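Participant: Chains as they are written, first to last, in numbering that gives the first Met the number 0: chain A, 0 to 402; chain B, 0 to 402.
If you are wondering where the hints come from, they were derived from the structure by calculation, not from laboratory data. Please note that a few of the clues may not be correct.
Said to hold, decoys possible - Keeping only pairs whose Cα atoms sit at most 30 Å apart, straight-line, the calculated DSBU-like set for lysine-lysine is: (1) A:K301 x B:K216; (2) A:K139 x A:K33; (3) B:K301 x A:K301; (4) A:K301 x A:K270; (5) B:K301 x A:K216; (6) A:K255 x A:K301; (7) B:K216 x B:K270; (8) A:K212 x A:K255; (9) A:K28 x A:K105.
Unchecked claim - Pair ranges (Cβ atoms, derived): (10) A:K212 x B:T156: 44 to 54 Å; (11) B:E248 x A:G380: 46 to 56 Å; (12) B:D345 x A:T203: 56 to 66 Å; (13) A:T203 x B:R213: 56 to 66 Å; (14) A:K255 x B:T156: 52 to 62 Å; (15) B:T156 x A:A132: 53 to 63 Å; (16) A:E381 x B:E335: 34 to 44 Å; (17) A:A93 x B:T385: 34 to 44 Å; (18) B:D345 x A:A93: 26 to 36 Å; (19) A:F106 x B:E293: 49 to 59 Å; (20) A:E65 x B:S249: 46 to 56 Å; (21) A:V157 x B:G331: 25 to 35 Å.
Quick caveat, the model's predicted, so the values are computed rather than measured. For each residue, glycine too, the CB sits at the ideal point set by N, CA and C.
There are 2 protein chains.
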Amino acid sequence: MATFQDIEGGGITTPLGFQAGAAACGIKKVGAEKLDLTVLYTPHETTAAATFTSNRVKAAPVHVCEEHMQGNDIRAVIVNSGNANACTGEQGLADAREMAALTATKFGLKPEQVFVCSTGVIGTPMPMDRLRAGFETAAKLGEDPLPPTLAIMTSDTVPKYRAMDVALGNGQSVKIGAMTKGAGMICPNMATMLCFITTDAAITPDCLRGLTKRAVKYTFNRITVEGDMSTNDTVLVLANGLAGNTVIESDSPEAKAFYEALHDMMLSLAKAMIRDAEKATRFIELTVHGAASEEDAHTVAKAVANSVLVKCMWNAGQPYWGRVMHAIGYAGVDVEESKISIDFNDVPATRQGIAAGTSVAMMREATDADEHRLTIDLGLGEASATVYTTDLNENFVEFNLLD
Amino acid sequence: MATFQDIEGGGITTPLGFQAGAAACGIKKVGAEKLDLTVLYTPHETTAAATFTSNRVKAAPVHVCEEHMQGNDIRAVIVNSGNANACTGEQGLADAREMAALTATKFGLKPEQVFVCSTGVIGTPMPMDRLRAGFETAAKLGEDPLPPTLAIMTSDTVPKYRAMDVALGNGQSVKIGAMTKGAGMICPNMATMLCFITTDAAITPDCLRGLTKRAVKYTFNRITVEGDMSTNDTVLVLANGLAGNTVIESDSPEAKAFYEALHDMMLSLAKAMIRDAEKATRFIELTVHGAASEEDAHTVAKAVANSVLVKCMWNAGQPYWGRVMHAIGYAGVDVEESKISIDFNDVPATRQGIAAGTSVAMMREATDADEHRLTIDLGLGEASATVYTTDLNENFVEFNLLD
Numbered sequence: 000m001a002t003f004q005d006i007e008g009g010g011i012t013t014p015l016g017f018q019a020g021a022a023a024c025g026i027k028k029v030g031a032e033k034l035d036l037t038v039l040y041t042p043h044e045t046t047a048a049a050t051f052t053s054n055r056v057k058a059a060p061v062h063v064c065e066e067h068m069q070g071n072d073i074r075a076v077i078v079n080s081g082n083a084n085a086c087t088g089e090q091g092l093a094d095a096r097e098m099a100a101l102t103a104t105k106f107g108l109k110p111e112q113v114f115v116c117s118t119g120v121i122g123t124p125m126p127m128d129r130l131r132a133g134f135e136t137a138a139k140l141g142e143d144p145l146p147p148t149l150a151i152m153t154s155d156t157v158p159k160y161r162a163m164d165v166a167l168g169n170g171q172s173v174k175i176g177a178m179t180k181g182a183g184m185i186c187p188n189m190a191t192m193l194c195f196i197t198t199d200a201a202i203t204p205d206c207l208r209g210l211t212k213r214a215v216k217y218t219f220n221r222i223t224v225e226g227d228m229s230t231n232d233t234v235l236v237l238a239n240g241l242a243g244n245t246v247i248e249s250d251s252p253e254a255k256a257f258y259e260a261l262h263d264m265m266l267s268l269a270k271a272m273i274r275d276a277e278k279a280t281r282f283i284e285l286t287v288h289g290a291a292s293e294e295d296a297h298t299v300a301k302a303v304a305n306s307v308l309v310k311c312m313w314n315a316g317q318p319y320w321g322r323v324m325h326a327i328g329y330a331g332v333d334v335e336e337s338k339i340s341i342d343f344n345d346v347p348a349t350r351q352g353i354a355a356g357t358s359v360a361m362m363r364e365a366t367d368a369d370e371h372r373l374t375i376d377l378g379l380g381e382a383s384a385t386v387y388t389t390d391l392n393e394n395f396v397e398f399n400l401l402d
Numbered sequence: 000m001a002t003f004q005d006i007e008g009g010g011i012t013t014p015l016g017f018q019a020g021a022a023a024c025g026i027k028k029v030g031a032e033k034l035d036l037t038v039l040y041t042p043h044e045t046t047a048a049a050t051f052t053s054n055r056v057k058a059a060p061v062h063v064c065e066e067h068m069q070g071n072d073i074r075a076v077i078v079n080s081g082n083a084n085a086c087t088g089e090q091g092l093a094d095a096r097e098m099a100a101l102t103a104t105k106f107g108l109k110p111e112q113v114f115v116c117s118t119g120v121i122g123t124p125m126p127m128d129r130l131r132a133g134f135e136t137a138a139k140l141g142e143d144p145l146p147p148t149l150a151i152m153t154s155d156t157v158p159k160y161r162a163m164d165v166a167l168g169n170g171q172s173v174k175i176g177a178m179t180k181g182a183g184m185i186c187p188n189m190a191t192m193l194c195f196i197t198t199d200a201a202i203t204p205d206c207l208r209g210l211t212k213r214a215v216k217y218t219f220n221r222i223t224v225e226g227d228m229s230t231n232d233t234v235l236v237l238a239n240g241l242a243g244n245t246v247i248e249s250d251s252p253e254a255k256a257f258y259e260a261l262h263d264m265m266l267s268l269a270k271a272m273i274r275d276a277e278k279a280t281r282f283i284e285l286t287v288h289g290a291a292s293e294e295d296a297h298t299v300a301k302a303v304a305n306s307v308l309v310k311c312m313w314n315a316g317q318p319y320w321g322r323v324m325h326a327i328g329y330a331g332v333d334v335e336e337s338k339i340s341i342d343f344n345d346v347p348a349t350r351q352g353i354a355a356g357t358s359v360a361m362m363r364e365a366t367d368a369d370e371h372r373l374t375i376d377l378g379l380g381e382a383s384a385t386v387y388t389t390d391l392n393e394n395f396v397e398f399n400l401l402d
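Chain A extracted, bound-state conformation (with noise of 0.2 Å):
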């Protein structure tokens, strides 16, 4: 039973109290009319949960958000697109700041209580001074949830939106609202995860993070294009309350209903950021089972979804289960060959580690398909992981020698 419908159309300003604007300053590309600039805003107090990168390579303004983080109550968002800030140094961090200082002088918030992150090439100073031109352009607020998220977009050929309306099962309801960028980790732009989620909902600031954390936890890191991994990767959830629900507290039924629409967005959202990765013809579900803890099944799917030979068997459609054997092997787990199945969609390709005898041709009809499922069995215990990958292909290599 689904507890969330979409609400056609939705977007970042559809949860009660979201307003936000965006702006072409011309950071992507000097002169060319692309929106790379927006600012979100709500008047009310909110609570927050971000999960940022690992990469200990963290652009300037994930510093600064890491800082902001410490308070609570986070009323507007900066994002740009075409400049990283990464690699920038001190000035980098000036920048940022400046950033937050712009919006929160616009809003009357402390610098704190703004979220900035910026998504495109690294290692080049932000061109504040177009930032600066553009700046008020993107702080004229407004309902429509397109704009802001074109405004972050890089390599991305689809904008990435929703929203839903999620019944709490007690009578009440609240809203959840997102965009999200990014399309493969790679790109010449150094292409960055971003997400911002917003919601009406009331909710505690340890509700709302529990969630949050678990969440991205299974979603955006479950995805994977080609292993590397971004110096910007943000993930936001702001809850402003005006919803007027009961307060949402942990491990309460309406906290489960909210996570499981809150994992849907994300889910959904992940997604359609593989399907939308650079240059790829085919969307690979690979779930590992049997394993002896969630780690390893997580470890051996990745290694699996990362081998540059097993994606090029996707990409060729073909069938070629040694090359999973052999990405299985290397993965640092402990595995037992003879224990380990291998199925492509529900044919068998593999049994007790050696061919299951299946024809090529029946293996072919499933991975040939643009969408199927690689299923390993390991045979060793009941932990389990799925993660969702691409192949890849020589156009995804021509891509990233644009410059």
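Keeping the supplied structure of chain A fixed, place chain B upon it in accordance with the hints.
Facilitator: Frame of chain A; chain B shown alone:
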């Protein structure tokens, strides 16, 4: 001062007492006149040292050789290309044992005195009828090092072999001969790295094993094409003592001279593999200095070398140092962004984690060369590590789509 010099046209059969033969059995392709089986033999007692893949999924011949290396008098080696005899279960083990038995019977040896290797497609039963039919031809021994070298090639475009005369510094000399195959760890045939080295040196088992392990660590284990690791990788060194030198003992000046030659032999063959890597266009020597430990240095070097993002940069000949920073950041090693320096050849790209201010044109002069150095200084300690690697390009992917 070089203590060794090359023997023109020499190879695996150059050291005293080693002979080899080769045959076209149709294992690579039925009816094709391509050499795909070779037998190497010495009638003299040997000292042997071997290293094997650390992949948990091991080919049948790797299991058999690990058993046979328990003894210490390997007299013959049989190698086929075209079929890896991997993921072939009990039948694969039986086939590998039969290859050893055939060779043992031919030369009046015990099966455990025979070393068995296979390289080629994975998961397909060995065509033992064709191998048996070609065996007698392969066992016709001769002095030419080229046919055996050709017989172990899969996707290699050039045979890789070499021999050298080694002055031990005590007025005595020995010969070392070698052949290797491998052209990237990835290919339609699951390209394995195989290396066979013969020497007529008299050397103790402990000394040979110690020097072999060390030399492999700094040569074959320091090359990477795309991060995948084969199920069959094997290095074997066989010493038969016919040079009549005083037996080389561990920690002696002669052991040092022998090591220098062995290291140079392996490094040159490892570099030849990288230069022949599937469809690669650039050769990169990547050194990480200033690490807290050699392991940290190696971990960072591997992360950068295997980043698809960085490989695309190399292919394009571009100095996108930000991509290097981001790969350093996710290597899983404690680094301090503001202490990192990056150089392309001797051109500074990054200082204190930010742009060094060198013009892109100057950096491109380095990165646009077919061969160049990438040097990273973490600024944390005294340890360093060097790896050798290649770019990634559209031909590489296309090549891997061939059936």
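Participant: Each of the hints needs a verdict: does it hold here or not?
Facilitator: How the hints compare with the structure:
1. A:K301 x B:K216: OK: A:K301 and B:K216 at ~26 Å, within 30 Å.
2. A:K139 x A:K33: 17 Å, holds
3. B:K301 x A:K301: 17 Å, holds
4. A:K301 x A:K270: Distance of about 16 Å is within 30 Å: holds.
5. B:K301 x A:K216: 26 Å, holds
6. A:K255 x A:K301: 28 Å, holds
7. B:K216 x B:K270: 14 Å, holds
8. A:K212 x A:K255: Given pair A:K212, A:K255 holds - Cα atoms ~14 Å apart, limit 30 Å.
9. A:K28 x A:K105: Since the Cα atoms of A:K28 and A:K105 sit roughly 26 Å apart, the hinted pair holds (cutoff 30 Å).
10. A:K212 x B:T156: 44 to 54 Å: 50 Å, holds
11. B:E248 x A:G380: 46 to 56 Å: 49 Å, holds
12. B:D345 x A:T203: 56 to 66 Å: About 57 Å separates the Cβ atoms of B:D345 and A:T203, which means 56 to 66 Å holds.
13. A:T203 x B:R213: 56 to 66 Å: 59 Å, holds
14. A:K255 x B:T156: 52 to 62 Å: Given range 52 to 62 Å: holds, Cβ gap about 60 Å.
15. B:T156 x A:A132: 53 to 63 Å: Distance hint for B:T156, A:A132 holds at roughly 56 Å.
16. A:E381 x B:E335: 34 to 44 Å: Cβ of A:E381 to Cβ of B:E335: about 41 Å, so the range 34 to 44 Å holds.
17. A:A93 x B:T385: 34 to 44 Å: 37 Å, holds
18. B:D345 x A:A93: 26 to 36 Å: 32 Å, holds
19. A:F106 x B:E293: 49 to 59 Å: Roughly 52 Å apart at Cβ, these two residues keep to the hinted range, so it holds.
20. A:E65 x B:S249: 46 to 56 Å: With a Cβ separation near 53 Å, A:E65 and B:S249 satisfy 46 to 56 Å, so the hint holds.
21. A:V157 x B:G331: 25 to 35 Å: At roughly 33 Å between Cβ atoms, B:G331 and A:V157 fall inside 25 to 35 Å, so the hint holds.
Violated hints: none; the structure is consistent with every hint.
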